[in-house]
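S.K.: Residue numbers (my numbering), protein chains in the order written: chain A, 1 to 302; chain B, 1 to 206.
Quick caveat, the hints were computed from the structure, so don't treat them as lab data.
We treat Cβ as the ideally placed atom computed from N, Cα and C, and that holds for glycine.
Accuracy of the hints is not assured; some may be wrong.
Short derived list, chain B residues pointing at chain A, Cβ under 7 Å [stated by the list, open to error]: (1) N91; (2) D100; (3) H133; (4) F193; (5) R196; (6) T200.
What the simulated footprint calls covered on chain A by chain B, stretch by stretch (three residues with Cβ under 8 Å from a Cβ of chain B suffice, anywhere in the stretch; the number is not a length) [stated by the list, open to error]: (7) 109-120; (8) 154-163; (9) 261-270.
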Amino acid sequence: MTRFIVSFAVVLGVLVPSFAFAQSTSNALLSVYVQVINPSQGSVYNYPYNTSTRTPADFSVQVSGNSPSPSTFWGSQNAVQVSLNPGAYNVTIANNPYGYTADYSAGCNNTAVAGGTGSCVITLSPNYSAYYPYGTNYPYQNVQPALSCQPVTQTAGLRQNVRFTAVGGVGGTYNWRTASQNYPNVGPVLTVAFDQTGSQLVTVTNANQSATCEVTVTQGYFNPATVTNPTYPTYTTGYSTGNAIYTNYGTPTLTPTYYPRLPNTGVEPLTLAQLMIALALLGAAVAVGAPYLRKAFAIVTR
Amino acid sequence: MGAIVVLVGAADIVSRIANDTLGPDAGQTLFAPAGAIGNPSILDVVHGADASTTQALDFVPTRLKVPSVGIDAKVDPVGTRQDGTMATPGNFTDTAWYKDGGIPGGQGNAVFAGHVNNALTLPGVFGHLNQVHLGDYVTVQDIDGHTLVYKVTAIDQYPADEAPAASIFATTGPSQLVLITCDGEWVPAQKSFDKRLVITAKPAYR
């Protein structure tokens, strides 16, 4: 839906109106992460095939659904924000992964709701058996992207849902843990609400790595409008002998998911005394106004 | 102040009388802007809510009915207030649908709220919601006359600030309708009733 907005600005002491069309915020916002796990020996394919390792930007991502924008783009571990209208959507690797197997999180094939946010994590890992016949003879070891829990810190209200995303690791099973509960094998995205105020830690484990997020839970509702998503620089880590493997890790920007508190649908009941006073005031108003109303009616009908 | 309260209540009473005597749309017709009058729906296409139907994705509710307790009300899409609570309908005869949450027939919960009373202590649109029984039907209709039929499967009461908002406003999972109103005792200091009544309904036909 498009709204027409009129605003005013003072230019050289003159009030100047300006007009603009603004898109309503009923679209859903999907964060698409692409991460690549490369073999430590270099490419999945030995000479004469590809000898360089892959980065997320080597893979083209396609989003099908209700007017996604952008609908195709190059992958990024820092997340690409896709706006789409409510409805079912599906995120896939569009080009040939060629020796890599794509693993999709649950948020890659889901239904978008108006104003909602979601995360899709695509993990590309080597497929040794696909092209290289001697793969099993080599003690290949994957270079594990460092596991992190994002956002590292955030604030939420009591019993409001908060979303955490595991970035990095080797894909597969992600186990989550809070102070009071374990959430085994829920994938790279955890949404959870907290019943206790204060600082709470959330830990995710994947293979032999673990990472921790912190959430500060406040007593009252934490207004999402005050949430500002920090941006983080992309930095380079990861290096292995034999072949230089550079992997860009960035910390994504995330919008926590919030739910409103229940509405207040009650009105203070009037006491009998208040009701009598109100009726008396109404009666007095009618009595005082009646002559004037009669006069006005006479003028109109004359 | 008292006169204003009486006038608001009077409008509500007139609206109710009009509803009772002239039909369910009369109150709306009497007080709604000209552009809002008239519902093009002529033919009710009654079917069960099914999350797998693409039709549900465009379903914007305009009317909510709970026949067993006489609820037949217009639906106003609402968002969230500054204090973080779901907004409420603009009057005592309409219901509010949380437009930033689930869509009827789609995944998750489509949440509706209505006033339990008005300033004259008369029942609001959800004033008799506490008389709903398990198995009662709830229907929701869009502007094209499509109707989704649900059946009440749970009746819960929570302390106002301890309701499980995350599950009540869930946007994933099976399609459900959730009806919310105030319940319990009025707490003057909080300007609120101390409980919330939460009715959950699941699709009647599968």
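S.K.: Work down the list of hints and note, for each, if the structure agrees.
M.R.: Okay, the hints, checked on the actual structure:
1. N91: 11 Å, violated
2. D100: B/D100 check passes; min Cβ-Cβ to chain A is 4 Å, inside 7 Å.
3. H133: At about 21 Å, which exceeds the 7 Å cut-off, the nearest Cβ of chain A leaves the hint on B/H133 violated.
4. F193: 4 Å, holds
5. R196: 5 Å, holds
6. T200: It is violated, given that the least Cβ distance between B/T200 and chain A is near 13 Å, above 7 Å.
7. 109-120: holds (count 6)
8. 154-163: Satisfied; 4 residues make the cut.
9. 261-270: holds (count 10)
Checked against the numbered hints given earlier, this structure breaks hints 1, 3 and 6; the rest are met.
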